[in-house]
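Those sequence lines, one after another, are chains H and A.
Its first residue numbered 37, the first sequence is counted upward by one per residue in the numbering used here.
Its first residue numbered 54, the second sequence is counted upward by one per residue in the numbering used here.
Since the hints were made in silico from the structure, they are not lab data.
For clarity, every value in this text was computed on a predicted model and none was experimentally measured.
Do not take every clue at face value.
Computed Cβ-Cβ distance ranges for the label pairs, DEER-style [stated by the list, open to error]:
id, chain 1, residue 1, chain 2, residue 2, range
1, A, Ala64, H, Met108, 40 to 50 Å
2, H, Ser83, A, Ser130, 17 to 27 Å
3, A, Glu72, H, Lys56, 16 to 26 Å
4, A, Val123, H, Lys94, 31 to 41 Å
5, A, Lys73, H, Pro97, 50 to 60 Å
Here are the simulated BS3-like pairs of lysine-lysine, each with C-alpha atoms no more than 25 Å apart in a straight line [what the hints assert, rightly or not]:
id, chain 1, residue 1, chain 2, residue 2
6, A, Lys56, H, Lys122
7, H, Lys122, H, Lys81
8, H, Lys68, A, Lys62
All residues carry an ideal CB built from backbone N, CA and C; glycine is no exception.
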Amino acid sequence: MALTKANIAEKLTDVIGLNKRESTDLVELFFKELIGSLSTGNIVKLSGFGNFSLRDKKSRPGRNPKTGELVMIAPRRVVNFHAGQKLKAKIERNTSDPAAGE
Amino acid sequence: MIKSELIAKLATKLPHLPEKDIADCVKNILDQMTDALAEKGRIEIRGFGSFCLHYRPPRNAHNPKTGEKVRTHAKYSPHFKPGKELRELVDASRDRISTLSDSSSADTNDD
Numbered sequence: 037m038a039l040t041k042a043n044i045a046e047k048l049t050d051v052i053g054l055n056k057r058e059s060t061d062l063v064e065l066f067f068k069e070l071i072g073s074l075s076t077g078n079i080v081k082l083s084g085f086g087n088f089s090l091r092d093k094k095s096r097p098g099r100n101p102k103t104g105e106l107v108m109i110a111p112r113r114v115v116n117f118h119a120g121q122k123l124k125a126k127i128e129r130n131t132s133d134p135a136a137g138e
Numbered sequence: 054m055i056k057s058e059l060i061a062k063l064a065t066k067l068p069h070l071p072e073k074d075i076a077d078c079v080k081n082i083l084d085q086m087t088d089a090l091a092e093k094g095r096i097e098i099r100g101f102g103s104f105c106l107h108y109r110p111p112r113n114a115h116n117p118k119t120g121e122k123v124r125t126h127a128k129y130s131p132h133f134k135p136g137k138e139l140r141e142l143v144d145a146s147r148d149r150i151s152t153l154s155d156s157s158s159a160d161t162n163d164d
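With these hints in hand, go ahead and build the complete structure from the sequences.
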C-alpha cells in the first residue's frame with residue numbers, strides 16, 4: 037500500500053507524541069512549504085533524501101500519439117528529483133536480493 | 054531551501070509546537086519516505102506528487118579505465134512524478150520569476 041499523508045501523520049502521533057490534529061497540520065504544511073518554495077523558483081535540498089531542482093524546458097515540436105498530428109509543445113518549467121546518497125544506498129541495500137537476480 | 058530552513062519556516066507557522074519537535078518530525082517524515090521506497094513501496098502525496106521505484110535491468114557495460122567487460126547488477130532507482138498542483142504552480146511561476154535560484158553555473162549563459 038502506498039504511503040500517504042494520513043499514514044505519515046499517524047506515525048508522527050505514535051513516535052513524536054503530537055496529537056492527531058498537530059500531526060496532520062504538520063504533514064500538510066510540510067508539503068505546502070515544499071510546493072511554495074519550488075513555485076517561487078527556489079530549489080529544495082533535503083540532505084540524505086534528495087534534491088528537487090527546477091528546469092526550464094524550451095518549446096519543441098511534438099506529436100499527438102493518437103492522431104499523429106504535429107503540435108508545438110510550449111516552453112515550460114518542470115520539477116526534477118535527484119535522490120541523495122543515503123536514499124540510494126538504502127534502496128540498494130534493501131532490494132539487492134540474490135535470489136531474484138537474472 | 055534546505056532542511057534547516059524548512060524547519061524554521063514550519064516553526065513560525067506552528068508557534069505552539071517546540072522547534073525541537075518540528076525538527077524531529079521533519080526527520081521522521083523523511084525517514085518514513087525513505088523506508089517506504091526501500092521496501093519497494095510507493096509514496097502518494099495529493100497535490101505534491103508520487104514517488105516510486107523504476108527497475109533497471111542488468112546490462113553489459115565495461116570499465117572505461119581498464120576496458121574490462123562487466124555485467125551490472127539489476128537495480129531500482131527512485132523516481133518522482135510531480136502532482137498536478139505542483140506542476141501547474143511551478144509552470145505558472147515561469148512568467149513571474151525568470152531567473153532560477155540555482156547556484157549551478159551550467160545554465161547561466163542564455164540571457
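To see whether the hints hold, each was checked on the structure:
In this structure the supplied range 40 to 50 Å holds for A:Ala64 paired with H:Met108, their Cβ-Cβ distance being about 45 Å. With their beta carbons about 19 Å apart, H:Ser83 and A:Ser130 fall inside the hinted range of 17 to 27 Å. A hinted range of 16 to 26 Å for the beta carbons of A:Glu72 and H:Lys56 is consistent with their spacing of about 21 Å. Taking 31 to 41 Å as the suggested C-beta distance range, the pair A:Val123 and H:Lys94 conforms, at roughly 37 Å.
For the hinted restraint 50 to 60 Å between A:Lys73 and H:Pro97, the CB-CB distance of approximately 54 Å keeps it satisfied. Proposed proximity of A:Lys56 and H:Lys122 is supported: the alpha carbons are some 15 Å apart, at most 25 Å. A threshold of 25 Å between alpha carbons decides the hint, and for H:Lys122 with H:Lys81 the separation of about 13 Å falls inside it, so the pair holds. Proposed proximity of H:Lys68 and A:Lys62 is supported: the alpha carbons are some 11 Å apart, at most 25 Å.
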